[in-house]
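Trainee: One letter stands for each residue in the lines below.
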Amino acid sequence: MKHHIQISLNGDPVEVLVEPSQTLLDVLRDELGLTGTKEGCGTGDCGACSVMVDNRLVCGCLVLGPEVAGKSVETIEGMAEGEVLHPLQRHFLEHAALQCGICTPGFLVAAKALLAHNPDPTETEVRYWLAGNLCRCTGYDKIIRAVMDAAAEMRQAPNARAELKDQLQHAGA
Amino acid sequence: MQEKIGNPPVEQEFKWVGTRQVRPDGIDKVTGRAKFGADYNLPGQLTGAVLRSPHPHARIVSIDTSQAAALQGVKAIVTRDDFNDQDSEFVPAGEMLVNYRDVVRNVMAREKVLYEGHAVAAVAATSPIIAKRALKLINVEYEILPHVIDVLDAIKPDAPLLHDDMITTGVEPAPTTPSNIAKKVEFTLGDSGAAFAKADVVVERAFDTKPVHQGYIEPHACLADVSEDGAAELWVCTQGHWIVRAHCARLLGWDVSKIKVNASEIGGGFGGKTVVYLEPLALALSKKSGKPVKMVMSREDVFKASGPTSGAHIRVKMGATKDGRIVAAETELFYQAGAFQGSPVGPGAMCAFAPYDLEHVKSVGYDVVSNRSKVAAYRAPGGPISEYAVESVVDELAREIGMDPIDFRLKNAAKEGTKAAYGPQFGPIGLIETLEAAKNSDHWKAPLGPNQGRGVASGFWFNIGGETSVTLNLNEDGTLTLMAGTPDIGGLRASLCLMAAEELGIDYPKIRPIIADTASLGYNFLTGGSRATFSSGMATVEAAQQIKTEACRRAAQLWDVPEEAVLYEDGYVRPAGDNAGPQDPMHISEIARMAGKTGGPITGVAKINAQGAAPSFGTQIADVEIDPETGRATVTRYTVIQDAGRAIHPDYVEGQFQGGAAQGIGWALNEEYIYGDDGKLENPGFLDYRIPVASDLPMIDTIIVEVPNPRHPYGVRGIGETPIVPPMATVANAVRDATGLRFTELPMSPPRVLKAINEARAAGDTNLKV
Amino acid sequence: MRYEAPETLDAAVALLASAGEETKVLAGGTDLLVQLRTDLIAPTLVVDIKNIDETRIIIETAGGFRVGAAVSGAELAEHASLSSIWPGLVEAVSLIGSTQIQGRASLGGNLCNGSPAADSVPAMIAAGAVANVAGPNGRREIPVEDVILAPRKLSLTPGEFVVSFQLPARPARAADAYQRFIPRTEMDIAVVGAGVSLARDEAGKITDARVSLGAVASRPLLVIDAADAIIGTTLDAAALTALDAACQAACQPIDDKRGTIDFRTEVAGVLARRTAEIAYKRAGA
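Chains as they are written, first to last, in our numbering: chain S, 1 to 173; chain B, 1001 to 1770; chain P, 2001 to 2285.
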C-alpha cells in the first residue's frame, strides 16, 4: 500500500504517494521529476544522491520514502536562488571543478552542508568530509580548490548572495 | 600548482584560445538541469530489466519465459531468439575492434553464457517491481561448464575452452587445435636477440596486473521509443551515438535511417561507453511492446557485465650500456580479452617502448579469452599495462647503472625523426620537454621525509582523428549555433567554442554549442582515442572558415567588388586593400542580418576525415610514504607533465591530467577485480572496488608543455589518454625508492606490501629500507 | 513490503512479534537498505523505530550515558560531553562510512547488522556498553560483547530489538580510543578494528582496561588477555609487545577480498598498540 506523505521540498510543501520500498531518491527522481539528484550506485558508496533531510546530509538512496513524511528535503534544484547561483556553484564553474558533471550535484549539496557545519575547513577537512562523494574525472584537485575558495568568499562576505539577489530583484522591478 | 611551458615559447597570440572560460554547459551541470542517460522519461514508458547469468561458464539448455510472460504488467520479453546471428566482421570501436558475431552474443547469450552477469533475457514491464518479479519467473536450464578467469590459467593446454572453434591467428603455421588464445601480434625493429650481447646490464622481470574498471559514476542507461512503422528514437549516455546507431541497426536488422539516437549528457565513459549493452535490448523490447522502454544498469551490473580492461601478464627484458644507452628491448604480453576476443594487446605491444629511440626492439602480444566480461576500451587501452612493466624495468636499469632516472630517459628519449618500433617516424613530439620540465620542477628537487620515496615514469599514446562533422549556423543576430557530434565528456563544447570564437573574431559567449543527434548532423565517429578536441576542433575551424568565406562573398556582392577584394578580420569584413573601394568594415552580425537578402542562410558545414593526429607524451612524478607496519602506501605529492600540443582550454587539459593520474593511482594501489574460486566477481560495487576518494589524494600539480601539432590549425594533440599511462610505474618506482623493493604485481595493496616487507626482512634483504 | 513507524515501544514489540511476517527493524537504514536493494533480504514488514523517544535520546546521568539505539553518528559526534568522555566510541562511530552515512547510521544498527567488522562495536565492547533490549517478554540488558554470535547472527530472540545503550560512569584519568585499518582513507569496511578503554592512576599505571578487536574473527572479540597484558603497566615497550602478542593470539580471521589471515593478524597487534597509546595519552591529559 502506498503512503501519502507531505514534505517540505526545497522550501515548498509537496504531497506525494510513495511505495514503502521506494527510496527517497526514487521518489525525487521518479515521482517528483527532480532528476538533478543522481544514482551512481544505489548502495551509499558514491554520494551522487546526496540530499539534505531536516538539515542533515544523507544519501537519498539509503532513505525510504515513507521515512521523510513531515520532514524537510533539500536537493540541488533548490541551491540557486532564482538566477543567483550559490557561491559554491559559481566557484565550481570558475574552477572547472567538473568534467562530466554526474557527481557535481552531490558534491555541491555535500559541500554546502560542510560549510554550514564548518565555515573555515582545512583542505584535509574538506577532503574527508567529501570522501563519500566519488568523482572519477577530476582527481578532486579542482573540486577541493573550488570548495576552499567558496568558503573563503562566504566568510568574507556572508551576505553577498542576499545582496546580489536584492539588487537583481530591484533591477527587475 | 599549475604551470605552462611552451616550446618554442609562445606569446599570448590568441584572444580566446588558451583562456579559461566558463563552459557553456556549466550552469546546467551545477543546478541539476543537465540531463544524463537515466534522466529521460516518456509518458507510458515501461521499465526494462535484464536477467543475467549466475554462472561464469555454462551451456544454455533452454529458456522458458512462459511464466514471466503471463505475469500481469509484463509487456515484452526478448531472448537470443529475438536476435539474428551475425557473420564474423570486425569494426572499429574507439581504438579497439569489435566483431558483430561476438557483439550479438555479448548483448544476449546464445549457445553459452561466458561470464557471470552475461545477459540471458530481458523483460519490459509496467513497473520496476513487476519487471524484477518477471525476471524471477524466467526459467533457464544451464549445463554448467568448468571456467577459467586468470590469463595464465587460460593459456594452459588443459584450460576449459570458451570457443570450440578458436584457432590462434598470427601464428605460422596455424595451430591445428583450438585454444583460448585468439591471436598473436608482433612488432619488431632490428635484431633484439643479438643486440643484448652489447649490453653491460640486462634486467628481466615479469609483471602481473588485474582487470580494472573505468569506474564512470553514471551507470549505462537508455530510453528507447519505437513506433509502429519501425521508426526508432533512442536517448542514451554514450561516447558515440553514431556508433550506437550502427551497432543497433546491424544487430536488429533495421535501416540506419530509421534509428535516431540522441546523446544525453554522459557521466563519464573513459572508453567504457563505446560499445552497446542495453540499447539493442531496449529497442527490441520497445518494438515488441509498442511502448517506450527505459533501461538502467545497476552498479553491480556495470561491474559484472560492462567492460573493464584486461588483467595481464607481462615479461620485459631490456639491456643497456654502462653509459646509459638502451641497446635492446623485448616484451611478451598476455592480455585477458574477457569472454570474446579483442583485448587491447595490439596497442599495448605498440606502445610498450614508444617513448624510446631504440634500434632493436621486439614486442609480442597474445589476446586471450577467459570467463570474464568482455573488455571495453579504457583510456589508452593497452598502453598503461605494457608501459607500467617497461617503465618499471627502465627504473631498474637506471638504478643498476647508477644513473638518475630522468637523465637515463633523456639519453634514450624518442624525438622528432625517431622511428617507433610499431612503424611510423615521429614528427615534432614533446617527450624531452616533459622530462626536462620534470627535472627542473620543484617537486623533483624537494627533500623527502622518513619512509618516503620518489618515482618518475613516462608514457605515450598515439591519438587518432577520424570521421567528423560540425555545422556552424550563423544566426540572424550574428550569434552562432555550433553543432558537433562527438559527445562532450569533459569540456569539449567549451574548447570548440573557443576555437570558433578565435577563428571568427566573435565573442565566446555568442556561440552556443549543442551535441546534435544522429539525424541532424553528418556522421561522427565517437569521442575516444583523444580525438574529440582534435577532430571536432579541426572541423569547427573548417566550418568557421566557410562562414568567413561566405561572409566575404556576401560583402563582395553588396559592395559590388570581386570576392578576393574582401577580407575577413576580427569579426569584420573589410576591403582587402585601397583598390577594393571605400567601404566601411561590416561586422559579421550585419552580414547575418542581411543574409536573407544576399542569398539566404549562412552556414558552415564541415565533413572531414580528420588526419594528422599527433601523439602526446607525458612524464609524471610521485612521492609515496609507506607505513612499514601496515603496508599502506600513501601518495603525498604528485606532478603530471605532458605535451598538449596546445591547450585550448587549460583548465580542462589540467583536469584530464589530474583525472588520468588519479585513475592510475587507484590502479596502482587498490583497484582490482577479485574473483572467487567459483568464478564470480566478489567486489561488484564501489565499497570493495576501491577507486580513490578525495581523502586518498594530494593536490595533483600539472605542467602543460606545448609543442604544437603542425597538422592541426591550433596545434592540438589529444591529451585525454596519456595521463593514465605513467602512473602505475610512477607509483611503483616511488614505492621501490621508499621500500627498496620492486613490486611486480598490481595493485600494491597493503597486504601485498606488508607481506613483501616481512619476507624481505626475514630473508635479510639488504635492499629493504623500511 | 509494509512500512510502519510506531511511536511506542509496545507498538513496536507487537509489530515485530506479529505472526507470519518476515520483519526487519529500521534505524538508520544504511545497511538495511543496501540489503533490500541487493535482494539479500525480502521482509514483508519494516518497523522504523526512530519515532520511539527512547531510541533517540542522549542522556547523561551519574551512572553514565544512556544513548538511543537510533541516534545517528553525526548526532553523537556533535554531543560535546559524550565526545569528551567517550572519544574512542565517538571516533569509531565517526568512521562508519561517509559523512552521508554518518547522517543516518546508528549504534543500534551497526550492532544489529551483525557484522564482525562493525566499527562501533569494538569501541562499545571496550567501553563496557550494555544493550537495553525490548521484546515480547519485556526488557532485558545484554553486554554488547554478547550480542553478535556469528556473522548476521544475534543473541536477540524473535521480536526483540535494541532500544538504547548504557555506557558506564567514567572514573578520573580514564579514556578510550578506536583505530581501524582500511585500504583507503575512508569508505571501506574495517579490515581490522581495535578498541581500547583504560584508566590509569596518578603515577601513570594502568588500573583497568578493556581491549576489543573487530574483523579478526566471526564476531567482535573482547580480548581479556590483551587487557591483562597492560593492566599494572605504564604501557612501556614490554607491555606494548605483550599487548600486540595477546591480540595476535586472539585472532581467528579469514582470507577474503578485504585482507588475508596473516595481514589481519599482524595488523591487529599493530593497531592494538597504536590504539592503546592513544587511549593512554588521552587518559593522562
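One should not assume that every hint holds.
[As the list claims (entries may be wrong)] Computed cross-link-like contacts, DSBU-like style, restricted to lysine-lysine with a CA-CA straight-line distance of at most 35 Å: (1) Lys2/S - Lys2050/P; (2) Lys1035/B - Lys71/S; (3) Lys2153/P - Lys1183/B; (4) Lys1136/B - Lys2050/P; (5) Lys1156/B - Lys1183/B; (6) Lys2153/P - Lys1156/B; (7) Lys71/S - Lys2257/P; (8) Lys1317/B - Lys2050/P; (9) Lys1769/B - Lys2/S; (10) Lys1004/B - Lys1291/B; (11) Lys2281/P - Lys1136/B; (12) Lys2153/P - Lys2257/P; (13) Lys2257/P - Lys1184/B; (14) Lys2/S - Lys1156/B; (15) Lys1769/B - Lys2257/P; (16) Lys1317/B - Lys1411/B; (17) Lys1184/B - Lys1156/B; (18) Lys1136/B - Lys1184/B; (19) Lys1035/B - Lys165/S; (20) Lys1680/B - Lys2205/P; (21) Lys2153/P - Lys1136/B; (22) Lys2/S - Lys71/S; (23) Lys1317/B - Lys1291/B; (24) Lys1132/B - Lys2205/P.
[As the list claims (entries may be wrong)] For each label pair, taking beta carbons as the anchor points, the in silico distance ranges come out as: (25) Asn1139/B - Ser8/S: 18 to 28 Å; (26) Pro1178/B - Asp2262/P: 16 to 26 Å; (27) Ser8/S - Thr2008/P: 56 to 66 Å; (28) Phe1014/B - Arg155/S: 22 to 32 Å; (29) Arg1205/B - Glu2202/P: 57 to 67 Å; (30) Ser8/S - Thr2044/P: 25 to 35 Å.
Everything labelled a hint here was simulated from the structure, so no lab data went into it. Each residue gets a CB set at the ideal place from its N, CA and C atoms; glycine is no exception.
Trainee: So which hints don't hold here, by number, going up?
Mentor: 3, 6, 7, 8, 9, 10, 11, 14, 18, 20, 23, 24, 25, 26, 27, 28
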